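Can you make the complete structure from the sequences, with help from the hints?
Protein sequences, first through last, are from chains A and B.
Each residue of the first sequence is one higher than the one before, starting from 0 at the first, in numbering that gives the first Met the number 0.
Each residue of the second sequence is one higher than the one before, starting from 0 at the first, in numbering that gives the first Met the number 0.
If you're looking for bench data, these hints aren't it; they were derived computationally from the structure.
Some clues are possibly wrong.
One copy or two, either will do: identical chains are not told apart, so a pair holds if it fits within one copy or between any two.
The list that follows gives simulated cross-link-like pairs (lysine to any residue, SDA-like), each with its CA atoms no further than 25 Å apart [stated by the list, open to error]:
hint	residue 1	residue 2
1	Lys214	Leu89
2	Lys22	His203
3	Lys126	Lys214
4	Lys8	Ser48
5	Lys25	Ser95
6	Lys116	Glu96
7	Lys22	Lys94
8	Lys22	Glu96
This structure is a prediction, so every number in the text was calculated from the model and none was measured.
Each chain is listed here by its residues.
2 protein chains.
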Amino acid sequence: MLNPIKNTKIYEKVMEQIKQLVKEGKLNRGDKLPSERDLSDQLQVSRTSVREALRALETLGLVEAKHGEGNFINDNLENSLLEPLSIVFLLLGSKSEEILELRKILEPETAAIAAKKITNAQIIELKKLADELNNTENVEASAFLDKQFHYKIAEASGNLLISTIMFSLSSLIEEYIENSQIHTFNKDLVKVHHEEICRALETHDCTAASEAVKKHLEFTSVKQNQAF
Amino acid sequence: MLNPIKNTKIYEKVMEQIKQLVKEGKLNRGDKLPSERDLSDQLQVSRTSVREALRALETLGLVEAKHGEGNFINDNLENSLLEPLSIVFLLLGSKSEEILELRKILEPETAAIAAKKITNAQIIELKKLADELNNTENVEASAFLDKQFHYKIAEASGNLLISTIMFSLSSLIEEYIENSQIHTFNKDLVKVHHEEICRALETHDCTAASEAVKKHLEFTSVKQNQAF
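Below you can see the structure in the form of structure tokens.
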């Protein structure tokens, strides 16, 4: 059987070359890519192949197309795994309980690592987020602040791979559990939990941090189950 | 304050429609998609937009293009998060130690869940993999079998989201740590560890399973650090 001539895979080769430049540090986060025309000239491939490669890299979150400005290496990676995770989630027919099970594994241990490494500046930021959350009545703002609170802890672990995965998992939960409005449910309890977590992190007590996050997630899970 | 009008591109709308069909269960894993021409007719968009959407979905691992056969909803999700994780890894400038730290959090707890849920058939499969690994001298075959062994445990946890993430993390390690040939290093120790893990799973001892996997990963981490 004859194989179609390589034409179909040219866009993948273009993707590879751009990824290679990132790998070698020649392109960094926020950098602007050459124009489609320049890429097509330099790589000696059609504009169509260049555009297909750019679309694919955009979907993967490596490239960000800014209207009228061109294509940039993405600088904001927080949600970059959301789309791929969401597709895996869909195709596996996963349930939201599975995301929660994963969070319950990841977050307590990540908090324990954060307790070791957290800086004073990060603790101040964390407390500020907890305060803002306490003083907000708006449901959407609360959800956003809560997510930031947990993301900050993950960030403090110093493992950006973990914090990026955790942030995308939170977004995935938001996408699939529309009515997990835990804050409207028992705001006082969330406040107490967050204070406990802050205290454990501040005193660099790994076990207490892990336990406090675990307790908090057990509570979250009960609320989400009730919401179904 | 005004929000910028989102300039949703046509290929993104095509992607959305295909994703929606998957979400609604109208397209399932392994199903064939309509031809590019039919998609273009049905959605009333250009072939170029259809092709861009299909490329993007292919890169995301939702769609698999088979030569001369057309486009299918991907049936093999094992490695579907590798490409996105690898891009995040690159852009964050992460180190391989960060993947290992994540594995050390994920795998012991996943083994504990697996110990609860594992079936007799799965235990037999697992032991068979461990046996094959013991009888293989080939380095590449060993690496493959070892990966399958750990993947089977994750699968036995019943949480396919976790096992998919774990499998992609293993592939990411392979991609970035070229000389992590732990099997050539101390095959006997790997054998003892795997036997311990099997025993814990067989007796449904969650704590022992978690501890055995933890010990095994500590050993892996030492070997990888030496390889640098």
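Q. For which of the previously enumerated hints does the structure constitute a violation, in increasing order of number?
A. Hints 1 and 2 are the ones this structure does not satisfy, whereas the remaining hints hold.
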